[in-house]
Amino acid sequence: MDTSRRSLRPSTRTATRTVLALSAALTLSLTAACSSSSSGNGAANPAAAKSSAADALTTPTTLTFWTWVPSIQTTVDAFEKKYPNIKVNVVNAGQSAAEYTKLQTAIKAGSGAPDVAQIEYFALPQFALSKQVVDLTAYGAASLKSSYTPSAWNQVALQGGIYGYPQDTGPLTMFYRTDIFKSLGLTAPTTWDEFAADAAKIHAADPTHYITSIDPGDAGGVDSLIWQAGGKPYQTTGSTSVTVNLKDSGSAKFATLWTSLLSKKLVDPTPGWTTDWWKSMGSGKYAMWIAGAWAPGSLETTIAATKGKWAAAPVPQWTAGANASAENGGSSDAVVSTSTHKAAAAAFAAWLNSSTEGATSLNSIGLFPATTGLLDSSAFLDQTFPFFNGQKANQVFAASSKAVTAGWQYLPYQVYANSVFKDSVGQAITNGSDLSTALGSWQTAISQYGTQQGFTVANG
Amino acid sequence: MLFVSPFLLAFAFAIAAPLAYAAYLSLFRQGLVGGNMFVGLDNYRRALSDTLLHAGLIRVALFLAVQVPIMLGLALLAALALDSGRLRWAALFRIGIFIPYAVPGVVAALMWGYLYGPRFGLVHQIGTHLGLPLPDLLSHSWMLASLGNITTWEYTGYNMLILYAALRSVPYELYEAAEVDGAGEIRKAVSLKIPALRQALLLCTIFSIIGSFQLFNEPNVIQALAPGVISTNYTPNMYAFNLAFNGQEFNYSAAIAVVLGGITAVVAYAVQLWTNRQERAL
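Each protein sequence line maps, in turn, to chains F and U. Note that this note's numbering has the first sequence beginning at 1, numbered continuously upward. Note that this note's numbering has the second sequence beginning at 1, numbered continuously upward.
If you're looking for bench data, these hints aren't it; they were derived computationally from the structure. Every residue, glycine too, gets a C-beta built ideally from N, C-alpha and C. Be aware that one or more of the hints could be misleading.
[To be verified] Here's a subset of chain F near chain U, in silico, CB distances under 7 Å, partners left out:
1. Pro216
2. Pro271
3. Asp276
4. Ser419
5. Gln453
6. Phe455
7. Asn459
Given only the sequences and the hints, what does the whole structure look like? Please build it.
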């Protein structure tokens, strides 16, 4: 199983991660309760932000940066070269949920937390709500808004503040096998109706083949499909009130289509990233993969033998001729509330993600950019992908990024909500039962937990 | 006192303190909204009516009732076979059964998970080769049996070793006397060896009860391969883990841990009482 590239996706499941999380949590949890509360956020005067950032970058400081991006040291080296007074220690504290567990425990304990941490968009609202990460408005973040795509910026501008700098995004894309579609005389589907028709033809031609798979453990994947269908199931309506509605029109569109496909066994309910799944991907058992624009790196390294047979295309549409997309995964870099070098930390996170040099370097190590400067540059757009048979795939990704449907929000406790996805929707995907009912059960679990935690939960 | 103090120190720090701390935590509630507050026994009341927790408890109880007798039966057979002295390559046999215990639980589960894979797993490849249509071992109806197979593979050798060691302490004169009376190997096993193993078997049973209620590693690893089958409350420990580390409900999961510990202690004690009563009845 490939683990290095996997880090770029929003998953929360692997054995090693869980084990790491468990051991870390056990060692840390003992110290958690006897701590003081986290220190104040030290909001500086916004007017003085610019000069304080410049000051911070010339004062000798050592920062700690938690991230699981494999080769990010390259980008950090470039930063240290430019600002020799700042030393940045890159620490891989586990990925996704494993990191969040450690981060939350360290912040509660009052020591051991980093200055800057990589946090995925779906988890950021939870850290922002509990003020475990700093509102970067005080450090001049608002002036950087125009550097980022709206879909990326909207995922860090939360609860009246700006809680991180977008590091990478995952505009939803359809990656498909040109050879399979060609051999059956088909073209890539542009609508979900065509997708369903092609699913039947592919399965009829060979009963062991499927148009694609759907992962019963990946809440983020289903969220992206609902998002692309125009659903807005999670809304934060106040500092302690949320609305959950997994029966809205977007969710219903998703449920109807995929229940039908699953009950006819036209899509394969196999968990992603397992050995079985990668073998199916490599052997042509699946004709496509709908995923974020971070996917090419994983495909190239894990199933290199299929080079040249893939192409990237826009996601199928619900209305012919429409152009709606969604995000799938992606991370931000946030400044942790316990940091004693908040100004320097904020300046580092800003440079890493906003500067042309930083953003270009991040893209070169496999992250899909969140900055408009890079997304609009011809060098980026004209890059050819040998894996996609010379296609200028970045043009497809950039178009998808621009077409992301606005208005999506995550819950301030999405980490838990996603973890119990498998108990209801995951089971229905595996059994081929009604997804609408299962989404209802998931909503009940999400609402009950929210109420337990002290939120006012409205069911839309 | 002086000689016990190292043990007492270790006991206080490694066992008593965490237990007391968990019990203390279980009396509070801290939500994402609103602060930390003392709630008395509220978390325990919630546990009593929590159907997700009960489902996990029933599942591990079923696992216990089926898997433990099979595993201890196999361990007993292996120990008796070794002790009979009639095996060739006895040392190889012994180490062969014991080696799985030396494999870390997570590694064992990963390995078996790979073997169970419904398309490319070894079990299925052999089945396809022989023309046998095998069921999906990671499906809903087979999962508990598949997990039982992993734990049996892991712990049979460990239990065999305890039983075999107990057998070695039976005075040899007894066997000689039995042989003089005309007893064969089977007669000796039934009338002499198994009664002599009573205490060792009790020990193995109690360890296995604790192990079953604490089931975590194997289902947690296999969950990545079958997320639609193994829910977050598949076992009580998995339930507490998810509540604590994904849901930040440290207080309620501490209460679950205390409840689980209590149930395990009661069941283990009941087994011990029952065995003692049987012994007196003989």
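For each hint, the structure was consulted:
no., hint, in the structure
1, Pro216, "holds (3 Å)"
2, Pro271, "holds (6 Å)"
3, Asp276, "holds (5 Å)"
4, Ser419, "holds (4 Å)"
5, Gln453, "holds (4 Å)"
6, Phe455, "holds (6 Å)"
7, Asn459, "violated (18 Å)"
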